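**Student:** Residue numbers (this note's numbering), protein chains in the order written: chain L, 460 to 765; chain H, 460 to 765; chain B, 924 to 1183; chain E, 924 to 1183.
Note that these hints are calculated values from the structure, not bench results.
Small disclaimer: the values here were computed from a predicted structure and weren't measured.
Note that the Cβ used here is the ideal one computed from N, Cα and C, for glycine as well.
Any given hint could turn out to be false.
[Said to hold, decoys possible] Pairs of lysine-lysine, DSS-like flavour, derived with a Cα cap of 27 Å: (1) L/Lys607 with H/Lys607; (2) L/Lys607 with H/Lys618; (3) L/Lys618 with L/Lys607; (4) B/Lys953 with B/Lys932; (5) H/Lys618 with L/Lys640.
[Stated by the list, open to error] Using C-beta positions, here's what the derived DEER-type ranges look like: (6) B/Val1127 with L/Glu545: 31 to 39 Å; (7) E/Gly1007 with H/Asn499: 46 to 54 Å; (8) E/Gly1157 with H/Asn499: 32 to 40 Å; (9) L/Asp465 with B/Trp1181: 43 to 51 Å; (10) E/Arg1062 with L/Glu765: 34 to 42 Å; (11) H/Arg750 with B/Arg999: 15 to 23 Å; (12) B/Thr1106 with L/Asn499: 45 to 53 Å; (13) E/Gly1007 with B/Lys928: 25 to 33 Å; (14) H/Asp497 with E/Val1178: 30 to 38 Å; (15) H/Asn499 with E/Val1127: 29 to 37 Å; (16) L/Asp566 with B/Glu1027: 53 to 61 Å; (17) B/Arg1051 with L/Arg565: 54 to 62 Å; (18) E/Val1127 with H/Ala746: 41 to 49 Å.
Residue strings, one per chain:
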Amino acid sequence: MSKQSDIGVEIAGIRMKNPVMVASGTFGYGPEYADLVDINGLGAIVVKGICLEACEGNDVPRMIEVRGGLINAIGLQGPGVDGFVESYMPFLRQFDTPVIVNIWGRDEEEYEEVAARFDDAEGIAGLELNISCPNVKSGGIAFGTDLKMAADLIGRVRKRTSLPLIPKLAPNVPQVGLFAKAAEEAGADALSLINTLPAMVIDIETRRPVLANRVGGLSGPAIHPVAVKQVWEAAQAVSIPVIGMGGIETAEDALEFIIAGAAAVAVGTANFTDPGTVVRVIDGIAAYLQRHDLASVSELVGSIRE
Amino acid sequence: MSKQSDIGVEIAGIRMKNPVMVASGTFGYGPEYADLVDINGLGAIVVKGICLEACEGNDVPRMIEVRGGLINAIGLQGPGVDGFVESYMPFLRQFDTPVIVNIWGRDEEEYEEVAARFDDAEGIAGLELNISCPNVKSGGIAFGTDLKMAADLIGRVRKRTSLPLIPKLAPNVPQVGLFAKAAEEAGADALSLINTLPAMVIDIETRRPVLANRVGGLSGPAIHPVAVKQVWEAAQAVSIPVIGMGGIETAEDALEFIIAGAAAVAVGTANFTDPGTVVRVIDGIAAYLQRHDLASVSELVGSIRE
Amino acid sequence: MQIEKATVKTHDLVGGDYRELVLTAPVTAKAAVPGQFVHLRVPRLDGSVLRRPFSIYRARDDRLSILYKTVGRGTRAMETIAVGDTVDMIGPLGNGFPLDAMGENPALVAGGYGVAPLSFLAGEVDVRGTVFIGGATARDILCVGDFESLGWTVRITTEDGSLGEKGLVTAALDAWVATQQGTPPVYYACGPDGMLRAVGQRAVAAGHTAWLSLDKHMGCGVGACLACVQKIRGADGSVAWKRVCKDGPIFEASVIEWDA
Amino acid sequence: MQIEKATVKTHDLVGGDYRELVLTAPVTAKAAVPGQFVHLRVPRLDGSVLRRPFSIYRARDDRLSILYKTVGRGTRAMETIAVGDTVDMIGPLGNGFPLDAMGENPALVAGGYGVAPLSFLAGEVDVRGTVFIGGATARDILCVGDFESLGWTVRITTEDGSLGEKGLVTAALDAWVATQQGTPPVYYACGPDGMLRAVGQRAVAAGHTAWLSLDKHMGCGVGACLACVQKIRGADGSVAWKRVCKDGPIFEASVIEWDA
Ligand SMILES: Cc1cc2nc3c(=O)[nH]c(=O)nc-3n(C[C@H](O)[C@H](O)[C@H](O)COP(=O)(O)OP(=O)(O)OC[C@H]3O[C@@H](n4cnc5c(N)ncnc54)[C@H](O)[C@@H]3O)c2cc1C
Ligand SMILES: Cc1cc2nc3c(=O)[nH]c(=O)nc-3n(C[C@H](O)[C@H](O)[C@H](O)COP(=O)(O)OP(=O)(O)OC[C@H]3O[C@@H](n4cnc5c(N)ncnc54)[C@H](O)[C@@H]3O)c2cc1C
Ligand SMILES: Cc1cc2nc3c(=O)[nH]c(=O)nc-3n(C[C@H](O)[C@H](O)[C@H](O)COP(=O)(O)O)c2cc1C
Ligand SMILES: Cc1cc2nc3c(=O)[nH]c(=O)nc-3n(C[C@H](O)[C@H](O)[C@H](O)COP(=O)(O)O)c2cc1C
Ligand code: FES
Ligand code: FES
Chain L
460 MSKQSDIGVE
470 IAGIRMKNPV
480 MVASGTFGYG
490 PEYADLVDIN
500 GLGAIVVKGI
510 CLEACEGNDV
520 PRMIEVRGGL
530 INAIGLQGPG
540 VDGFVESYMP
550 FLRQFDTPVI
560 VNIWGRDEEE
570 YEEVAARFDD
580 AEGIAGLELN
590 ISCPNVKSGG
600 IAFGTDLKMA
610 ADLIGRVRKR
620 TSLPLIPKLA
630 PNVPQVGLFA
640 KAAEEAGADA
650 LSLINTLPAM
660 VIDIETRRPV
670 LANRVGGLSG
680 PAIHPVAVKQ
690 VWEAAQAVSI
700 PVIGMGGIET
710 AEDALEFIIA
720 GAAAVAVGTA
730 NFTDPGTVVR
740 VIDGIAAYLQ
750 RHDLASVSEL
760 VGSIRE
Chain H
460 MSKQSDIGVE
470 IAGIRMKNPV
480 MVASGTFGYG
490 PEYADLVDIN
500 GLGAIVVKGI
510 CLEACEGNDV
520 PRMIEVRGGL
530 INAIGLQGPG
540 VDGFVESYMP
550 FLRQFDTPVI
560 VNIWGRDEEE
570 YEEVAARFDD
580 AEGIAGLELN
590 ISCPNVKSGG
600 IAFGTDLKMA
610 ADLIGRVRKR
620 TSLPLIPKLA
630 PNVPQVGLFA
640 KAAEEAGADA
650 LSLINTLPAM
660 VIDIETRRPV
670 LANRVGGLSG
680 PAIHPVAVKQ
690 VWEAAQAVSI
700 PVIGMGGIET
710 AEDALEFIIA
720 GAAAVAVGTA
730 NFTDPGTVVR
740 VIDGIAAYLQ
750 RHDLASVSEL
760 VGSIRE
Chain B
924 MQIEKATVKT
934 HDLVGGDYRE
944 LVLTAPVTAK
954 AAVPGQFVHL
964 RVPRLDGSVL
974 RRPFSIYRAR
984 DDRLSILYKT
994 VGRGTRAMET
1004 IAVGDTVDMI
1014 GPLGNGFPLD
1024 AMGENPALVA
1034 GGYGVAPLSF
1044 LAGEVDVRGT
1054 VFIGGATARD
1064 ILCVGDFESL
1074 GWTVRITTED
1084 GSLGEKGLVT
1094 AALDAWVATQ
1104 QGTPPVYYAC
1114 GPDGMLRAVG
1124 QRAVAAGHTA
1134 WLSLDKHMGC
1144 GVGACLACVQ
1154 KIRGADGSVA
1164 WKRVCKDGPI
1174 FEASVIEWDA
Chain E
924 MQIEKATVKT
934 HDLVGGDYRE
944 LVLTAPVTAK
954 AAVPGQFVHL
964 RVPRLDGSVL
974 RRPFSIYRAR
984 DDRLSILYKT
994 VGRGTRAMET
1004 IAVGDTVDMI
1014 GPLGNGFPLD
1024 AMGENPALVA
1034 GGYGVAPLSF
1044 LAGEVDVRGT
1054 VFIGGATARD
1064 ILCVGDFESL
1074 GWTVRITTED
1084 GSLGEKGLVT
1094 AALDAWVATQ
1104 QGTPPVYYAC
1114 GPDGMLRAVG
1124 QRAVAAGHTA
1134 WLSLDKHMGC
1144 GVGACLACVQ
1154 KIRGADGSVA
1164 WKRVCKDGPI
1174 FEASVIEWDA
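Using the sequences plus the hints, can you model the full thing?
**Tutor:** The following block contains the structure:
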C-alpha cells in the first residue's frame, strides 16, 4: 500500500481539495444544503445560473421524474448579480472552498456584462459560462449548439473577465470535440460538460406537455454513458482541463469520467437523491487511488487504454 | 362507448393493421422471435440493417446493460442483400405483415446500390434508410449529422428506388427539424426516429472501454423523453408521417409519441426485456382510443395541446 | 434538518388505501412540529432519483409516522417496506403551521391524506375546535378517532354520501361558518389544490385567516432546486416565487397568487 | 421455446454463495435437455432492460431449477425472490449437449456454476464416467453428492487446497488423462472462459472431442440481437460469428476460434 494518495487537483488555476464539485442548479447558492453537507469538504461549489438582473424563471410544473432521471425546466430563476453577491457571497466566503459562479445572458452583451461585474466581486474563484441551458428561450443552448456563435461569445466574455473562464458545453451536438477546440481557442481555461439533454414528457390524458416550458433537460443516471462519451471526445480535442458531469451517483461513475479525460467531476441530480453522494464519491476516489497505488488524481486523468 | 376504434394506419402507402412496428436490430430477420410473438399481429416488421455484401460487424463485447437501458455496438453484422433475400424473405412472405428493410452502406454508392437491389425483391414494403448508426466507422451516423450529406444521400437513393423510402434520423443533433425538412424535400416518404444515442462505458479496473467498438448506442427507457422531444420537433417540421421510437415499454410510452406527432411507433429494446411488449402496446393503444372515443389513430396523431 | 436512517417499527393499512408507516427516528421526531414534512427515499426503487415528501403524522419520543396513500410508482414501492427495514429520510422540513395565531375558534379542514398534519396539530395545542374531513367516499375518511379522542368536533362529508354529509367539505364549512357568531374562525387546511383554493377564497372574502399547506412536486426538498415554487404576494404587493419546501409548505391564503 | 410464468417453489442457499431456485414450470421443464438455459427476467429490477441467462440445473416433471451465484446487480436482486413469487422466463434455449456422442469414457469438467448443466447431464445418460469439479475454494465446489449418488467418479480441485487436490482442475485432468489407456475420453465442460480454453486446447491437441458450453453476455437470448457471438470455424475452414444463445451455447472445441 502506498502512502496516502493526494486527491487535490488544480483546474484552471483553481486549487481544489478534491476533484468533486457540485453541479450548477443542484445545490442552490450554498446555504440550502449546509445542514446536510459539509461545504468545506467539497472540491468546489458551482452555484445556480446567474444573469444580470433577478430572473423569474419558468412557470410550474418545472420538474418531473422519469425512468433513470429527471427532467427540469427551472428556467434559470435567480437573484441577478447584485442579489447574489449581497445575499449569498457573505455566506460562501466563510468556507475554504472555491466558489464558481454559473452565468448566462439573454444576448452577448448580457453575458459580457455579467462576467465583467463578477471581476470585482470578492471570493469568486471562476466563472462557468452556461451556453447550454435547454430551458430558456433566448441565451443558453442556442449559443452552445452553433460553433461560430459559441466561439464568438466565449471570445467576447474572455475579454471582459480576468477570472478563470469555464464554458459549459451542450451535449446534443454530433461532434463535441469541435466545440471543445473552438472554446479553447477562444480563450477558455477549462470546459465543463455535459449539461442536460433536451427532453419532453407528455401527459397522455390531458395531451399537454407535463412541464410548463414544454421542453426540459434530462439529467441523472440515464445520461451517464452519453456524458462519458462526450467528455472523452472533448478531452481528446483540447489540452485545457475538462470537468465531467452527468448522472454521477457513485465513485465508479466519477472514475469513468476521470479515466475518460476529466480532471474533475461534478455531482448534480444525485444531490437530491442522496445529499451524502459527494462525500461517498470523494471517499471512493481516494480509496481507488490507494488501491491502485496512484499518487495523485492526475495519474488517472485520461488514462483510458484504447 | 363508441364502436370499435380502427387502429389501422397507413404510412408512406404501407397499410398496417396497427401502428406498432418492431425496430430494426431488435427483432432479427423474423424467425428468431416467431415462437414467442405472432408476426401476423405486428404493424410491420423492420429487419436488422442490411448492406450490399455479408458484413461481419464489430468484435465482442457488443452489448452492455446500463441504468435505464443498454448500449449496443453490434456494428451492423448481416447477411447482405442476397443472403437476406434468399435466407429470410421466403419466411417473411408467409405473413400478412409489411416487411421494411433497414439498409445502409459504407458510402453513397453502396447505399444507392443496396436500395436499387431491393426494387426487384418480392414482398418488401419499404426501405428504412439508416443514416444514424453510431456503430460503424464509415456510413451511418456521419451522414445523419451533416445536413447537406443527409439530403444528398436521400436524394440519390430516392432516384434508385420506387419503394417507400424512410430515412432514419440521428438523434444527436440540436435541430432535428432541419434534418426532417431536408429529408422530406429530398424525397423521403416518411421518417423514422430516433436511433440510439452515442454513448460509452469504461471498465474502471482495466481502464478500457467495455465495448470492443469503444462507443455504442444507448437505447431503452433512458432515452424515451429525448426521443419524444425529437419526434415532436421532427413532426412539426414536415408533412410526411413520422415513425417514433426510443424506449417504448408500455402503451403510455407509445401514446406519448403519437400525441407528439408520430403516425406509428416501433418497439426496440423492450422486445428483449419482454417479447410480449408489442402486443401489450397494441392492446393498450386500442383501449385508449376506445376510452377516449376516438375513431382512429389518426385523430390522435400530433394532437398535442400546447 | 438532518438525514436520518430510520427503522421501520410497524407498517399497516389503517383504512381504505392508506397505510401508516411508523419509524424509529429520534432526531427528526424530536425536532418536528405540525405541518412539517419528511423527504423520504423509497427503498428498492431503482432508477428513481427523487425522494417523496410526506407530512409528519405523528411525532412523539423517538417515534415518527407518516400516513400515505398509494398513487404511483413510488408509493406502490413503499408498500413493500417491511418491519425492520431502514428508511432514509431528510427532515423535518418546511415551516410548519403557526400555532400561536390559532385563536379560540380553529377550524381544521382536511382532504384525503391532508388529515395527517392536522391530526398532529390537533394534539399539540390546548384549544379545541372543529375538524372538517372530506373525501370521495367513506374509504377516504381517516383519523376521525384521533380528533374525537382529543376532544375536537368532527364533521365528515363524502362526495358519494357513504359517510357523513353528502357533498363537498366546503359546503359543510359554509353551513358551519354561517352559524359562527363569536370569535372569527382561523383555518388550517391541508388537502387537494381545489379544496385549498376554495377554503382560501372563502377566508379571504370573509376577512378570516387561513393557513394552507400546499402540495407541489418536489425535487430537493430543501430549497435548492427551485422546482416547487408558488407565486406569493409580498408585503409590498409584489409577487414572487416562493419555495413550497423551504418557505412553505404553509402559506396564509391572502398571499397566495393562484394560477388562472 | 416459450415464455413461461413460473412459480417459485423453493429458494435456498445450497452452499457457498450459491442458491438454488426451484420453479414450477411444466412447459419448459418438459422440453428441457441438458446444456440448455433459461432467460430469466429478474423481478423488481427496475431500470433493467436485459434478462439474465442461467443453465437448467434440474428439470423433472413440472419442476425446473437453476443454480446461481450472486455476482452483480441482477443476481443480487434475485436473492430477494420469495417462495410463491412469479418469475417470467424464456426457455428452454440453446442447443444442449449432444448426448449420443458421449462414448464410454465421458469426462465432465465443471468450474463454479458450471456444475449445474453437467449435473443435469449426468442424470440423463446411461453411461458413467468421471467428473472434475474445480473452484477457488471449498465454497465453490457444489453438487458433489448429485454426481456420486448417480455413480459418477468425482475429482475435486481447489486453488487454495481447502477441498480435494490443490491446484487447477486442468492439472487433475492432465494427471487423469495420462492414465487413460482405453476409449478416448469425450469432454463436456462448463465454467469460466479460461478453463474452457484450457480444456479445449488439451482435447484438440490430443485429438479428443470436447463439448464446451460458452458463457457470453446476452441480449435477446433467442438469436435476434447478435450480441452474444463467438467466432466459429465452419466445415470449409471459413470463420464466422455464431450466436452462443441460438447456435450454442455448446460448441465442439476444435471449431472455436478463441480471441488472441
Ligand atoms: C409537503 C407535502 C406533503 C405531503 N404529504 C403527504 C402525506 O402525508 N401522505 C400522502 O399520501 N401524500 C403526501 N404528499 C403527496 C406525496 O408526496 C405524493 O403522493 C407522492 O410523492 C407520490 O409519489 P408516487 O411515486 O407514488 O407517484 P408518482 O406520480 O409516480 O410520482 C412521480 C413524481 O411526482 C411527484 N408527485 C406525484 N404526486 C404528487 C403529489 N400529490 N404531491 C407532490 N408530488 C407528487 C412524486 O413525488 C414524484 O416526484 C405530500 C406532498 C407534499 C408536497
Ligand atoms: C448460457 C449461460 C448460462 C449460464 N448459467 C449460469 C448458471 O447456471 N448459474 C450462474 O450463476 N450463472 C450462469 N450464467 C452467468 C449469469 O448469466 C451471470 O452471472 C448473470 O447474468 C450476472 O448477472 P448480474 O446482473 O448479477 O451481473 P452484472 O454484472 O450486474 O450484469 C450486467 C450484465 O452483464 C451480464 N453478465 C454479467 N456476468 C455475466 C456472465 N458471467 N455471463 C453472461 N452474462 C453476464 C448480465 O447478464 C447483464 O446483462 C450463465 C451465462 C450464460 C451465458
Ligand atoms: C434542477 C436542475 C437545475 C440546473 N440548473 C443549471 C443551471 O442553472 N446552470 C447550468 O449550467 N446547469 C444547470 N443544471 C445542469 C447540471 O448542472 C448538470 O450539468 C446536469 O444536471 C447533469 O448532471 P447530473 O446528471 O449529475 O444532474 C441543472 C440541473 C438540474 C437537475
Ligand atoms: C441491439 C440493437 C441493434 C440495433 N440495430 C439497428 C440497425 O441495424 N439499424 C437501425 O437503424 N437501428 C438499429 N438499432 C436501433 C433501434 O432500431 C432503435 O432505433 C433504438 O434502439 C431505439 O429504440 P429502443 O429504445 O426502443 O430500443 C438497434 C438497436 C439495438 C438495441
Ligand atoms: S423542492 Fe427543491 S426548492 Fe423546493
Ligand atoms: S443474445 Fe441476442 S443473439 Fe444471442
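**Student:** For every hint, state whether the structure bears it out.
**Tutor:** Now the hints, each set against the structure:
A distance of roughly 18 Å separates the Cα atoms of L/Lys607 and H/Lys607; the hinted pair therefore holds under the 27 Å criterion. Distance restraint check for L/Lys607 and H/Lys618: the Cα-Cα separation of roughly 35 Å exceeds the 27 Å cut-off, and the hinted pair is therefore not satisfied. Between L/Lys618 and L/Lys607 the CA atoms are separated by roughly 17 Å; this keeps the pair inside 27 Å, and the hint holds. Restraint check for B/Lys953 and B/Lys932: satisfied, since their Cα atoms lie roughly 17 Å apart, inside the 27 Å limit.
Taking the CA atoms of H/Lys618 and L/Lys640, the gap is about 39 Å. The hint is violated against a cut of 27 Å. A hinted range of 31 to 39 Å holds for the C-beta pair B/Val1127 and L/Glu545, which are about 34 Å apart. The hinted window of 46 to 54 Å between E/Gly1007 and H/Asn499 is violated, with their beta carbons roughly 36 Å apart. A beta carbon spacing of about 34 Å between E/Gly1157 and H/Asn499 agrees with the range 32 to 40 Å that was offered as a hint.
In this structure, L/Asp465 and B/Trp1181 break the distance hint of 43 to 51 Å, their C-beta atoms being roughly 55 Å apart. The hinted window of 34 to 42 Å between E/Arg1062 and L/Glu765 holds, with their beta carbons roughly 37 Å apart. Taking 15 to 23 Å as the suggested C-beta distance range, the pair H/Arg750 and B/Arg999 conforms, at roughly 22 Å. Our hint of 45 to 53 Å for B/Thr1106 and L/Asn499 holds, since their Cβ atoms are close to 52 Å apart.
Between E/Gly1007 and B/Lys928, the C-beta spacing of about 30 Å keeps the proposed range 25 to 33 Å intact. At about 35 Å, the beta-carbon gap between H/Asp497 and E/Val1178 stays in the expected band of 30 to 38 Å. Between H/Asn499 and E/Val1127 the C-beta distance comes to about 46 Å, which lies outside the given range of 29 to 37 Å. Taking 53 to 61 Å as the suggested C-beta distance range, the pair L/Asp566 and B/Glu1027 conforms, at roughly 58 Å.
Separation of B/Arg1051 from L/Arg565 is about 56 Å and conforms to the stated range, judged on CB atoms against 54 to 62 Å. The supplied range of 41 to 49 Å is broken by E/Val1127 and H/Ala746, whose beta-carbon atoms lie about 58 Å from each other.
This entry does not satisfy hints 2, 5, 7, 9, 15, 18, going by the numbered hints stated previously.
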